[in-house]
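Construct all of the structure, not just a fragment, from the sequences and the given hints.
In the order they appear, the protein sequences are chains A and B. Just so we're aligned, residue 1 is where the first sequence starts under this note's numbering, counting upward by one. Just so we're aligned, residue 376 is where the second sequence starts under this note's numbering, counting upward by one.
If you are wondering where the hints come from, they were derived from the structure by calculation, not from laboratory data. The model shown is predicted, which means the values in this text are computed figures rather than measured ones. Be a bit skeptical, because a hint or two may be false.
Unchecked claim - Derived DSSO-like pairs: lysine-lysine, alpha-carbon spacing no greater than 30 Å straight-line:
no.: 1; chain 1: B; residue 1: K717; chain 2: A; residue 2: K44
no.: 2; chain 1: B; residue 1: K675; chain 2: B; residue 2: K717
no.: 3; chain 1: B; residue 1: K457; chain 2: A; residue 2: K82
no.: 4; chain 1: B; residue 1: K585; chain 2: A; residue 2: K159
no.: 5; chain 1: B; residue 1: K717; chain 2: B; residue 2: K534
no.: 6; chain 1: B; residue 1: K437; chain 2: B; residue 2: K717
no.: 7; chain 1: B; residue 1: K717; chain 2: A; residue 2: K41
no.: 8; chain 1: A; residue 1: K300; chain 2: A; residue 2: K201
no.: 9; chain 1: A; residue 1: K372; chain 2: A; residue 2: K300
no.: 10; chain 1: B; residue 1: K747; chain 2: B; residue 2: K717
no.: 11; chain 1: A; residue 1: K342; chain 2: B; residue 2: K717
no.: 12; chain 1: B; residue 1: K534; chain 2: B; residue 2: K576
no.: 13; chain 1: B; residue 1: K576; chain 2: B; residue 2: K419
no.: 14; chain 1: B; residue 1: K534; chain 2: A; residue 2: K44
no.: 15; chain 1: B; residue 1: K747; chain 2: A; residue 2: K342
no.: 16; chain 1: A; residue 1: K41; chain 2: B; residue 2: K437
no.: 17; chain 1: A; residue 1: K210; chain 2: A; residue 2: K300
no.: 18; chain 1: B; residue 1: K437; chain 2: B; residue 2: K419
no.: 19; chain 1: A; residue 1: K44; chain 2: A; residue 2: K82
no.: 20; chain 1: A; residue 1: K342; chain 2: A; residue 2: K300
no.: 21; chain 1: A; residue 1: K159; chain 2: B; residue 2: K747
no.: 22; chain 1: B; residue 1: K576; chain 2: A; residue 2: K82
no.: 23; chain 1: B; residue 1: K675; chain 2: B; residue 2: K585
no.: 24; chain 1: B; residue 1: K416; chain 2: A; residue 2: K159
There are 2 protein chains.
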Amino acid sequence: MTAASDLQTRVHVPLGERAYDILIGPGLIARAGAEIASRIKGRKAAIITDRSVAAHYLEPLKASLADAGIASHAVILPPGEKTKSFEPLIEACDEVLGARIERNDAVIALGGGVIGDLAGFVAGIVRRGVRFIQIPTSLLAQVDSSVGGKTGINSRHGKNLIGVFNQPDLVLADADVLATLSPREFRAGYAEVVKYGLIDKPDFFEWLEKNWQAVFAGGVARIHAIATSCQAKADVVVADERETGARALLNLGHTFGHALEAATAYDGSRLVHGEAVAIGMVLAHEFSARLNLASPDVAKRVEAHLRAVGLPVSMADIPGELPGPERLMEAIAQDKKVKSGKLTFILTRGLGQSFVADDVAASEVQSFLTGKHPG
Amino acid sequence: MTAASDLQTRVHVPLGERAYDILIGPGLIARAGAEIASRIKGRKAAIITDRSVAAHYLEPLKASLADAGIASHAVILPPGEKTKSFEPLIEACDEVLGARIERNDAVIALGGGVIGDLAGFVAGIVRRGVRFIQIPTSLLAQVDSSVGGKTGINSRHGKNLIGVFNQPDLVLADADVLATLSPREFRAGYAEVVKYGLIDKPDFFEWLEKNWQAVFAGGVARIHAIATSCQAKADVVVADERETGARALLNLGHTFGHALEAATAYDGSRLVHGEAVAIGMVLAHEFSARLNLASPDVAKRVEAHLRAVGLPVSMADIPGELPGPERLMEAIAQDKKVKSGKLTFILTRGLGQSFVADDVAASEVQSFLTGKHPG
Chain A
1 MTAASDLQTR VHVPLGERAY DILIGPGLIA RAGAEIASRI KGRKAAIITD RSVAAHYLEP
61 LKASLADAGI ASHAVILPPG EKTKSFEPLI EACDEVLGAR IERNDAVIAL GGGVIGDLAG
121 FVAGIVRRGV RFIQIPTSLL AQVDSSVGGK TGINSRHGKN LIGVFNQPDL VLADADVLAT
181 LSPREFRAGY AEVVKYGLID KPDFFEWLEK NWQAVFAGGV ARIHAIATSC QAKADVVVAD
241 ERETGARALL NLGHTFGHAL EAATAYDGSR LVHGEAVAIG MVLAHEFSAR LNLASPDVAK
301 RVEAHLRAVG LPVSMADIPG ELPGPERLME AIAQDKKVKS GKLTFILTRG LGQSFVADDV
361 AASEVQSFLT GKHPG
Chain B
376 MTAASDLQTR VHVPLGERAY DILIGPGLIA RAGAEIASRI KGRKAAIITD RSVAAHYLEP
436 LKASLADAGI ASHAVILPPG EKTKSFEPLI EACDEVLGAR IERNDAVIAL GGGVIGDLAG
496 FVAGIVRRGV RFIQIPTSLL AQVDSSVGGK TGINSRHGKN LIGVFNQPDL VLADADVLAT
556 LSPREFRAGY AEVVKYGLID KPDFFEWLEK NWQAVFAGGV ARIHAIATSC QAKADVVVAD
616 ERETGARALL NLGHTFGHAL EAATAYDGSR LVHGEAVAIG MVLAHEFSAR LNLASPDVAK
676 RVEAHLRAVG LPVSMADIPG ELPGPERLME AIAQDKKVKS GKLTFILTRG LGQSFVADDV
736 AASEVQSFLT GKHPG
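Here is the structure:
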């Protein structure tokens, strides 16, 4: 068993009987067995992962579990968004049951957001719920999807439409695994880190402006950025576990972002989720300025920072042709449910002063988009 | 809107934020729209049902919903246990999403246990949970499966292995619909009614001994029997919502019963669930007597009552050949997880004095079964 590093940070998510810890630090996969064994009664685990992640981290994780007396079985799925569908779900449930996982045993998600969402759903429905551990291996999953308990798969009617709220029993965010991410993947995850500053932590945004190179380099600054993000997400989740109100703030940049992802047919070679969110956050700030809610200088500052780290910041930065503003507007309307011509948007009154606006006129959005469209 | 009948009874299930009512009485399908509209915010519903039930009750239910301003879409599945599998689940989720059911809208289960289990699972996972209403149309579903929140489907690894705990928002047990049940189906449901007396309500068992003809005839005695059963189940569920302890008492008669269902390959022409439970309850009482826990007279009294209503009470009552006692024992061991040669059983110390015994020697069970086996 490796000793806990001085760099290790803990974020506690106080959700009553569903409370759990997020551990952030180096070397956590090597310590996973001990951390898990101290938190669950069972001594069996099914590891759900994808082929790419398995190549790097499956054997070290299995070894760590074995050292702690936990027998493990691996369910290795194809990487990519298509894994969030019924067929892999059925396969995973079948393998987990075949491995005789009982209620006190664990399903472990070892991977990015796709694996975490799928494995969390599996853990929530096998035997009506078994223990669930998240080991997120992308920055995006560490700061966003692994915290909060949203799990699920996609439907032909839309993304994430089938699933359960299932809080993990433990999240292990191993900072070392981010070393194998491509720079583009790391930047995409960083967009969600910036988002927490823009929601309600202007000091954190300023800290990122000054320290982003250190965050990208790794070490203590990176761990601070991840821990601050996890704490921010945990605070929102605790206030609104099942997304009936304040949790909507986490969608800052996501309404425009989802429309751009749909407009590029979820083609990751053109635009990945974090990049769409980066552009979406700039648009949300520009739109807030246009509505005279915030100064245009705030939008410029957000744009400057995201551009500095290498993220796209405007529709013109997306390679290839985009559909026209009317088509983007249709995607937004489908995503959001238009009520009597009004939409719900996350807007801002200034740096780190985001709020939920539920009466945005669809016509205003369309006219704004037309002005911003590069075509 | 029809006025509530004087015969109507309400059982409240006090599960905190998941609390709900069970209404028992005549004419409840005709009043369903009003009862549902007063409990949910949405004005859309998806009715999940099977072809047999739909023929009788779908149109009256749709009319009642329409009168209350609730638009409904019906998802009609084949009747039978095979509907509790992934393919119908996927189809139902797709249709419910296609009907644009949102979180405040409802999925309504209109049918017996199979439909209730499937629809409850669908309601629990579409959009990570929408409102859920149970309208059980068999006696078994009214007194057992519609109360308590267990939902799910079967796996090739066993029954009910994939699902969620999802408490309904309302249960409407319409006593009138039992008129279309076959006598055999009614008797099978009655076995579960008797079970509540045998768990911890000896007075209720005595009442059933005296009044069973009136219960079978309908009217106020039947409503009393259903309401007492629902109250008994609700009490156990409130004490142990997620089945970590006392809820196991509800399995009285079920360990032997499940083994007999497996031994007859779930062939409903030979043995249906309630019949298996009836035989299982007699065996559990005889086994308790053999272990010197209870007087053999108690087992005889239980057997006499179940026989009087026309239920099978011994393995010899099952048509066709049964596998030998070793095979039955294997089925029990698979169902129950043998820990160092010990099994968990629901046994009794007397009439209505059941308890969870977690140290029953597998060898004792096998020797008992060998003595009882008709072969």
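To see whether the hints hold, each was checked on the structure:
1. Among the hinted pairs, K717(B) with K44(A) is consistent with the structure: their alpha-carbon atoms are about 21 Å apart, no more than 30 Å.
2. Taking the CA atoms of K675(B) and K717(B), the gap is about 27 Å. The hint holds against a cut of 30 Å.
3. A hinted pair counts as satisfied when its Cα atoms are at most 30 Å apart, and K457(B) with K82(A) qualifies at roughly 27 Å.
4. Of the supplied pair hints, the one linking K585(B) and K159(A) is violated, its CA atoms being roughly 57 Å apart against a limit of 30 Å.
5. A C-alpha spacing of about 22 Å is found between K717(B) and K534(B), which places the hinted pair at or below 30 Å, so the restraint holds.
6. A threshold of 30 Å between alpha carbons decides the hint, and for K437(B) with K717(B) the separation of about 51 Å lies outside it, so the pair is violated.
7. Of the supplied pair hints, the one linking K717(B) and K41(A) holds, its CA atoms being roughly 20 Å apart against a limit of 30 Å.
8. This hinted pair checks out: K300(A) and K201(A) have alpha carbons roughly 18 Å apart, not beyond 30 Å.
9. About 14 Å separates the Cα atoms of K372(A) and K300(A), which keeps this hinted pair within 30 Å; it holds.
10. The straight-line distance between the Cα atoms of K747(B) and K717(B) is roughly 20 Å, inside the 30 Å bound, and the hint therefore holds.
11. Among the hinted pairs, K342(A) with K717(B) is inconsistent with the structure: their alpha-carbon atoms are about 63 Å apart, more than 30 Å.
12. Proximity of K534(B) to K576(B) is assessed by CA-CA distance (about 29 Å); at most 30 Å being required, the pair is judged to hold.
13. Distance hint between K576(B) and K419(B) is unfulfilled; the C-alpha atoms sit about 41 Å from each other, more than 30 Å.
14. Between K534(B) and K44(A), the direct Cα distance comes to roughly 21 Å. Compliance with the 30 Å bound is thereby established for this hinted pair.
15. Between K747(B) and K342(A) the CA atoms are separated by roughly 71 Å; this puts the pair beyond 30 Å, and the hint is violated.
16. Among the hinted pairs, K41(A) with K437(B) is inconsistent with the structure: their alpha-carbon atoms are about 48 Å apart, more than 30 Å.
17. Among the hinted pairs, K210(A) with K300(A) is consistent with the structure: their alpha-carbon atoms are about 16 Å apart, no more than 30 Å.
18. Of the pairs offered as hints, the one joining K437(B) and K419(B) holds, with about 11 Å between alpha carbons and a cut-off of 30 Å not exceeded.
19. A distance of roughly 28 Å separates the Cα atoms of K44(A) and K82(A); the hinted pair therefore holds under the 30 Å criterion.
20. Restraint check: the Cα-Cα separation between K342(A) and K300(A) comes to about 27 Å, which is no more than 30 Å; the hinted pair holds.
21. For the proposed pair K159(A) and K747(B), the alpha carbon gap of about 56 Å is over 30 Å, so the pair is violated.
22. A C-alpha spacing of about 53 Å is found between K576(B) and K82(A), which places the hinted pair above 30 Å, so the restraint is violated.
23. As the CA atoms of K675(B) and K585(B) are separated by approximately 16 Å, the hinted pair is consistent with the 30 Å bound.
24. A threshold of 30 Å between alpha carbons decides the hint, and for K416(B) with K159(A) the separation of about 24 Å falls inside it, so the pair holds.
The structure is inconsistent with the numbered hints 4, 6, 11, 13, 15, 16, 21 and 22, although it conforms to all the rest.
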